[in-house]
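Q: Here is what each chain is made of, one letter per residue.
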Amino acid sequence: MMLIPCPWCGPRNETEFHYGGQADVSYPADPQAVSDVDWARFLFFRANTKGIFTERWNHQAGCRRWFTVRRDTTTNEIFHDDSHEAVTR
Amino acid sequence: MAELHGESPLVTRAETLAGSSVPGVLHLSEVAFTAQVTLRVDPKSPAAERIGTAVGTMLPNQPGQVARTERLQILWMGPDEWLLIGPEGGAEQLQATLTEALGEEHGSVVDVSGHRTIVEVTGPKSRELLAKGCALDLHRRSFASDQCAQTLLARTGVVLLCRDVEQPSFWIFVRSSFARYLADWLADAAAEYRV
Chain Z
1 MMLIPCPWCG PRNETEFHYG GQADVSYPAD PQAVSDVDWA RFLFFRANTK
51 GIFTERWNHQ AGCRRWFTVR RDTTTNEIFH DDSHEAVTR
Chain G
1 MAELHGESPL VTRAETLAGS SVPGVLHLSE VAFTAQVTLR VDPKSPAAER
51 IGTAVGTMLP NQPGQVARTE RLQILWMGPD EWLLIGPEGG AEQLQATLTE
101 ALGEEHGSVV DVSGHRTIVE VTGPKSRELL AKGCALDLHR RSFASDQCAQ
151 TLLARTGVVL LCRDVEQPSF WIFVRSSFAR YLADWLADAA AEYRV
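Chains as they are written, first to last, in this note's numbering: chain Z, 1 to 89; chain G, 1 to 195.
Source of the hints: derived by calculation from the structure; they are not laboratory data.
By construction, the Cβ of each residue, glycine as well, lies at the ideal position given by its N, Cα and C atoms.
A hint or two may mislead.
Listed below are several chain Z residues computed to face chain G (Cβ distance under 10 Å; list not exhaustive) [claimed, not checked]:
no.: 1; residue: Met1
no.: 2; residue: Cys9
no.: 3; residue: Thr15
no.: 4; residue: Glu16
no.: 5; residue: His18
no.: 6; residue: Tyr19
no.: 7; residue: Gln22
no.: 8; residue: Arg41
no.: 9; residue: Phe44
no.: 10; residue: Arg56
no.: 11; residue: His59
no.: 12; residue: Ala61
no.: 13; residue: Gly62
no.: 14; residue: Cys63
no.: 15; residue: Arg65
no.: 16; residue: Thr88
Anything over 12 Å on all C-beta distances counts as not near chain Z; from chain G, calculated [what the hints assert, rightly or not]:
no.: 17; residue: Met77
no.: 18; residue: Arg155
no.: 19; residue: Thr156
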């Protein structure tokens, strides 16, 4: 069981959270101009990093806010050196 | 035409809760039909200040903080979300007060009185009882009077409100459709206290 630090509620059990996948996947500025290949890449392709990974979490059973966490996917260590603004964006 | 009457979500579990109570140790009961209104507004906006003035206390801005007035309890639910609890029958008036104070600003005021019912747990064993199904630290040092938390209790989403630490008293806000399950779970968890 991971303890995930919700920026609002503090550390809570993993069971209270919903995983949102890779963070910082930006929506294409002009979706009409994107080729089918690039669109599919945007929709379905995500990094599968072994090591430090920036990801989105939602505190589903708590305050229901989205936030960003940096986690080592091999050890589940969560890094706390991020600013509040960077986490709650 | 049949006469309309209101029935609280735990009306069929009233006896279960009463039967699980042990005098001087633990008391379980339903607090039914409270007025509950959800408010969402930017806490830094002038509207938030106007609402604070209208209800008689500033909206709490710390996670888990609860503000009280004579009639209301205001629970922090998120950085821009609050749950206001008032006496039975007061939802419409509360909603009108908040809507007027919100004015044209971006936000929302919704009557959610039917969303959740409340189970009141009091008595010296109440903390121990809740700890059986809740991962939060409920010790008075970390979960004091007038604090609330949204979490899981017996795998059910609840809002926990600590009303008093000296004479332990908690309110558990649970969704109506989960209320009977939670009442049964509480009765089962409280069985050991019956002599």
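Q: Using 10 Å as the Cβ threshold, decide whether Arg56 (chain Z) counts as touching chain G.
A: violated, 17 Å
Q: Measuring from the C-beta of Arg65 (chain Z) to each C-beta in chain G, is the shortest one below 10 Å?
A: Where the cut-off is 10 Å and the nearest Cβ of chain G is about 6 Å from Arg65 (chain Z), the hint holds.
Q: Is it the case that Met77 (chain G) keeps its Cβ farther than 12 Å from each residue Cβ in chain Z?
A: Violated: least Cβ distance 7 Å, not greater than 12 Å.
Q: Going by Cβ atoms, does Thr156 (chain G) stay more than 12 Å from chain Z at every point?
A: Violated, since 9 Å does not exceed 12 Å.
Q: Tell me if Thr88 (chain Z) is really an interface residue toward chain G, meaning its C-beta lies closer than 10 Å to one of theirs.
A: holds, 8 Å
Q: Using the nearest Cβ pair, does Tyr19 (chain Z) come within less than 10 Å of chain G?
A: violated, 17 Å
Q: Next item in the hint list is Phe44 (chain Z). Is there a CB on chain G closer than 10 Å to its CB?
A: violated, 31 Å
Q: With a cut-off of 10 Å, does the beta carbon of Ala61 (chain Z) approach a beta carbon of chain G closely enough for the hint to hold?
A: holds, 5 Å
Q: Close enough to count: is the Cβ of His59 (chain Z) nearer than 10 Å to one in chain G?
A: This hint holds: His59 (chain Z) lies near chain G, its Cβ roughly 8 Å from the closest one there, short of 10 Å.
Q: Any CB of chain G closer than 10 Å to the CB of His18 (chain Z)?
A: The hint is violated - His18 (chain Z) has no Cβ within 10 Å of chain G, the shortest such distance being about 12 Å.
Q: Would you check whether Thr15 (chain Z) satisfies its interface hint, that is, whether its CB is within less than 10 Å of any CB in chain G?
A: holds, 7 Å
Q: Is the interface hint satisfied for Gly62 (chain Z)? The criterion is a beta-carbon contact with chain G at less than 10 Å.
A: holds, 5 Å
Hints 5, 6, 7, 8, 9, 10, 17, 18, 19 from the list above are not met by this structure, while the remaining hints are.
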